[in-house]
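A.B. asks: So the protein lines, in turn, are chains P and Y. Our numbering numbers the first residue of the first sequence as 108 and each following residue consecutively. Our numbering numbers the first residue of the second sequence as 197 and each following residue consecutively.
Hints were generated in silico from the structure; no laboratory data involved. Every residue gets a Cβ at the ideal spot worked out from N, C-alpha and C, and that includes glycine. It is possible that some hints are incorrect.
Taking lysine to any residue and the SDA-like style, the derived pairs with C-alpha atoms no more than 25 Å apart in a straight line are [to be verified]:
hint	chain 1	residue 1	chain 2	residue 2
1	P	Lys120	P	Glu142
2	Y	Lys424	Y	Pro326
3	P	Lys121	Y	Asp422
4	P	Lys121	Y	Glu476
5	Y	Lys424	P	Ala122
6	P	Lys120	Y	Leu466
7	Y	Lys198	Y	His225
8	Y	Lys424	Y	Lys257
9	Y	Lys257	Y	Gly215
10	P	Lys120	Y	Glu471
11	P	Lys121	P	Gly149
12	P	Lys120	Y	Gly433
13	P	Lys120	Y	Thr474
Label pairs and their in silico Cβ distance ranges [said to hold, decoys possible]:
hint	chain 1	residue 1	chain 2	residue 2	range
14	P	Pro166	Y	Leu323	40 to 50 Å
15	P	Asn162	Y	Arg457	50 to 60 Å
16	P	Ala172	Y	Ala357	39 to 49 Å
17	Y	Val210	P	Pro166	57 to 67 Å
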Amino acid sequence: MEIDVRVATILLKKAEPPLPSTRFSLSLEDGTDVEGLIGTLGLPPQLVGSVTLNNRRSPRDRVLADGDLVAIVPAISGG
Amino acid sequence: MKRDLAREIRNAAVRRREGEAYYWCLPLHAVRELASEFDSSTAAVSLRALENGFVPERYLKNAGTIGLEGQAALLRSTVLVVGAGGIGGHAVELLARMGVGRIKVADRDVFDETNLNRQEFSAEDLLGFPKVDVARDRVLAINSDVSVAPFQLEVSRENIAGLLEEVDAVIDALDNLDDRLMLQEACQLHGVVMVHGAIAGTSLQATTVFPGDPGLPVFAPSAGGDGKTRGIEVETGNPATTPAISAAVQVQEALSVLLGRTPALRGRMLYLDLEDWTVEFIDLGDR
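Produce the entire structure from the sequences given, and follow the hints as far as they go.
C.D. replies: Rendered as structure tokens:
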């Protein structure tokens, strides 16, 4: 399946290896869930705050489908 | 002859043009003189003026947006600001300038040097002073209509119920996830609207949570040295601009709550990165 991904700028350099862009398409094996996507992108799970699937907040165990739009924003809690 | 406050307000009022509209305004010196003469607070004089169609001149620039009734509603309102750091300091100042009548502010800390880059009320000669006491003094100097109740304490499950008494809206200006979730739970329990905001580097997020709404997302814990869960701000720090904008967003949401309007961020969370203006609106699900 092919999905569209948006990653917040602040997270790009936190990925291993670093992600080159905030917006890209990605081919994934069928059955991959949100947690699996975070792993594929090399993002430290503890730095991920909200994940949205087609603009709605999504749990980490939601299985992705072809054509999905996933946005990943960081865990932030400063005041 | 016994003097009547409403009549004295009318006698002291001056006409001011504001765009296409004209307002009868009450200058600050008149508000002060009448408060003294009638042995009342300036807030009581301001409220009496608004109820009779006169705008205290200090609020003239609010009038076009919120009206006289809205201004009176703000003067009768109470907001609790939890945390008096980067977001909290700016939030207290904005609430005071808008004329929110009563501000409760809670924070256990005193100012230290690392606060000087961003915290509104911090200053070199105020290092070591309790943040909430400085906030109270500053508000007194800005707007005598506003009373500040300072609480120098760490907000906890044990004291939050007392802090939430007679509060119309809460500004979440805390600095860790655990306390935010505790505050959210208490607000839900006591039926109070919480306006959340958090910052990290040039990023911020904000949402307004009504009782019964799904509320804040819970991210995977990364406990800090004090056992509190924090996010990426541990690495990015908190520069000056982000807390100012988060506070402005949150206070605007709180004003909507106080004025009976629909807050724009109910049921969805704004994520904004000021460095490249990445903007996401995250639908938080059904209410």
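A.B. asks: Take the hints in turn and mark each one as holding or not.
C.D. replies: Hint by hint, here is what the structure shows:
1. P/Lys120 to P/Glu142: 19 Å, holds
2. Y/Lys424 to Y/Pro326: 22 Å, holds
3. P/Lys121 to Y/Asp422: 24 Å, holds
4. P/Lys121 to Y/Glu476: Given that 25 Å is the threshold and the Cα spacing comes to 19 Å, the pair holds.
5. Y/Lys424 to P/Ala122: 24 Å, holds
6. P/Lys120 to Y/Leu466: 22 Å, holds
7. Y/Lys198 to Y/His225: Holds - the C-alpha atoms of Y/His225 and Y/Lys198 are around 21 Å apart, at most 25 Å.
8. Y/Lys424 to Y/Lys257: Violated, at about 42 Å.
9. Y/Lys257 to Y/Gly215: 10 Å, holds
10. P/Lys120 to Y/Glu471: Satisfied, since the Cα-Cα distance of roughly 15 Å is no more than 25 Å.
11. P/Lys121 to P/Gly149: Cα-Cα ~8 Å, so holds.
12. P/Lys120 to Y/Gly433: Holds, at about 16 Å.
13. P/Lys120 to Y/Thr474: With Cα atoms ~16 Å apart, P/Lys120 and Y/Thr474 stay inside 25 Å; holds.
14. P/Pro166 to Y/Leu323: 40 to 50 Å: 45 Å, holds
15. P/Asn162 to Y/Arg457: 50 to 60 Å: The hinted range 50 to 60 Å is violated for P/Asn162 and Y/Arg457, with Cβ atoms some 24 Å apart.
16. P/Ala172 to Y/Ala357: 39 to 49 Å: Hint holds: Cβ distance 45 Å, inside 39 to 49 Å.
17. Y/Val210 to P/Pro166: 57 to 67 Å: 60 Å, holds
In terms of the numbered hints stated before, the structure departs from hints 8 and 15, listed from lowest to highest.
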